[in-house]
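With the hints as your guide, set chain B onto chain A.
From first to last, the protein sequence lines stand for chains A and B. So the first sequence is numbered by our numbering: it starts at 1 and just counts up by one. So the second sequence is numbered by our numbering: it starts at 1001 and just counts up by one.
Take these hints with a grain of salt, some might be off.
Calculated cross-link-like contacts (lysine-lysine; reagent style DSBU-like; alpha-carbon spacing at most 30 Å) [unchecked claim]:
| no. | chain 1 | residue 1 | chain 2 | residue 2 |
| --- | --- | --- | --- | --- |
| 1 | A | Lys14 | B | Lys1187 |
| 2 | A | Lys173 | A | Lys189 |
| 3 | A | Lys59 | A | Lys14 |
| 4 | A | Lys247 | A | Lys97 |
| 5 | A | Lys155 | A | Lys173 |
| 6 | B | Lys1127 | A | Lys15 |
| 7 | A | Lys220 | A | Lys239 |
| 8 | A | Lys2 | B | Lys1124 |
| 9 | A | Lys97 | A | Lys220 |
| 10 | A | Lys208 | A | Lys247 |
| 11 | A | Lys234 | A | Lys59 |
| 12 | B | Lys1127 | A | Lys2 |
FYI, nobody ran anything at the bench for these hints, they're computed from the structure.
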Amino acid sequence: MKFLPLIFANLFRKKLRTTLTIGSFAVALFLFGLLIVVRGAFNQGVDVAGADRLIVINKVSLIMPLPFSYRDRFQRIPGVKYVTYDTWFGGVYQEEKNFFPQFAIDPENQALVFPELAVPPDQWKTFLQDRTGAIAGAGTAKRFGWKVGDRIPIKASIFGNETWEFNLDGIYKGTQEGDDETQFWFHDKFLDERRTFSKGTVGWYTVKLNSPDDAVAAAKAIDGMTANSPDETKTETEKAFATGFVKQMGNIEFLILAIGSVVFFTLLLVTGNTMAISVRERIGELATLKAVGFADRFVLLMVLGESMLIALSGGLLGLVFCKLFTMGGDPTGGMLPYFHLSPGAMILGILVAMLVGLLAGILPAASAMRLRVVDALRRV
Amino acid sequence: MVKVDGSGGANSLIQARDLDKTFTRGGEVIDVLQGLNLDVAPGEFVAFMGPSGSGKSTLLNLLGGLDVPTRGRITVAGDEITHMSGGRLTEWRARHVGFIFQMYNLIPVLTAFQNVELPLLLTKLSKAERRSHVEATLSIVGLADRMHHYPRQLSGGQEQRVAIARAIVADPTFLLCDEPTGDLDRKSADEILDLLTRLSAEYNKTILMVTHDPAAAEHAKAVLHLNKGVLVEGKAIGAH
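Bound-form chain A, shown alone (with noise of 0.2 Å):
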């Protein structure tokens, strides 16, 4: 402790190139924040996919719909619990910008399957009793600031171009961190009702398991049963699902690490080329200090901790600055509902911060530390 008012003094020797330093690490830890915030978002779907539920599809395409009358031949299979489905109706609420995901659900067994999106009882009550009635997620509900009995019109894009009317019955929320409470439910009777195509028809089934340990034979059996059929089923854990979902939007994980890797080598010259100036300047003093009796190994963890404060200071600013900014929600419109840097992110950052930094300082600490007193004391 005694030795930090001389750590410091040199760090504020030079106030701008110090300020510079730390303003180049804060930049680069909100980029790193950020992008960790994006890549959780678009992972959100494969962090909170259930273990034992399966996303059962069309073996042609995600768009392509399935037979309704599979839902109680899937229920039949050994080791099924429940099945549910969900059809994507892709309707705009006011504007195009106001993107959330709008599902025709089954009433009957939505809540056996996904019990991690809670309506309160009452609501869903409701809900289950109204034709047209709507559950929203409590995301989306805040977002346009809805009320338990507004009415909602959702314009269609797919089942035509007419405005549905929905009454909002109901506010679901999540009951574990990183469930999506963007989504907006509605009867599946009723959009068969209206529909002028595809009656009979489902997007896709969700398959509740008695076990996780279930899933590979369920699976097998699933695809087994409409193999040969024109409605051929592809069927894949929540997890595997979700991430192939991401998948479809690019490589994120590399594009992340890709830029990650650019900002952060940029950052380790820049900070390595600082702190070697730092060092070239005052070689006179560092000899003088171990003149007087500083050992080698105190001027290189001096060296050291000048540069690690640096990115220790730069990159809390950077993290601070990030958590301020995914404060404010999802910026994207509901693109990305999962939009937050959780702490285990900010801890990441700061140790990713100070490796860089260690990184950056050790070669100018080592030929400090290599500085021969003679040799230094001769220069000044």
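Below, chain B alone, put in the same frame as chain A:
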């Protein structure tokens, strides 16, 4: 007592025997010190004079444990420093040597107080004890009212006095001064030399000083000339 013929006895504080120091520069071997002997008793104030390149600073570096001789041995207060490892030598310097440089070598981002406190950071003294030592030392050099000034806010003479305070604050065994007045005007130089003389006379500090300036050397009790790698006596030793 200062001797250069190797006849000094066990009461020498600093004893150098048969010191050789050679440098190789551009393939050429340069003998800077050749078989040098020196004995300095406690409390002596010795000035080393000689032309540029005669090896004065090299000798000071060897005696201060900043460099090692090619041959020979140096003993200070019973410790032979010639064969100490780098780490031990650093610890030894912290305990026994106070350095005063021509260019003061203060840390510009630290105040006078913090500069003087530096050697004490290596001790186990408490913060309060360090403060009291630093304040007392700055009073000795006449800078008690400048302790919170940065080096850039001080004159050259004041900076050198801060450097002297830094050199004596941990009460080292001896002081090594390398051209302490070389960067000062006459008036400031005289003030510094008076201070060194006072440290020697009142506080019985052992001081070894390299200088080009005969006026500065006049303040020493003994003056030695370095010529062709060996020391010869100048002013009558003990005549001051």
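Hint-by-hint comparison with the structure:
1. Proposed proximity of Lys14/A and Lys1187/B is contradicted: the alpha carbons are some 34 Å apart, above 30 Å.
2. A C-alpha spacing of about 24 Å is found between Lys173/A and Lys189/A, which places the hinted pair at or below 30 Å, so the restraint holds.
3. Proposed proximity of Lys59/A and Lys14/A is contradicted: the alpha carbons are some 64 Å apart, above 30 Å.
4. Taking the CA atoms of Lys247/A and Lys97/A, the gap is near 23 Å; set against the 30 Å cutoff, the hint holds.
5. Only pairs whose Cα atoms come within 30 Å are accepted, and Lys155/A paired with Lys173/A is accepted, the gap being roughly 25 Å.
6. For the given pair, Lys1127/B sits about 28 Å from Lys15/A by alpha-carbon distance, which is consistent with the 30 Å threshold.
7. Between the alpha carbons of Lys220/A and Lys239/A the distance comes to roughly 17 Å, so the proposed pair stays at or under 30 Å and holds.
8. A distance of roughly 11 Å separates the Cα atoms of Lys2/A and Lys1124/B; the hinted pair therefore holds under the 30 Å criterion.
9. Our distance criterion of 30 Å between C-alpha atoms is broken by Lys97/A and Lys220/A, whose separation comes to about 40 Å.
10. For the proposed pair Lys208/A and Lys247/A, the alpha carbon gap of about 24 Å is at most 30 Å, so the pair holds.
11. For the given pair, Lys234/A sits about 5 Å from Lys59/A by alpha-carbon distance, which is consistent with the 30 Å threshold.
12. Of the pairs offered as hints, the one joining Lys1127/B and Lys2/A holds, with about 8 Å between alpha carbons and a cut-off of 30 Å not exceeded.
Figure legend: structure checked against the earlier numbered hints; hints not met, in rising order: 1, 3 and 9.
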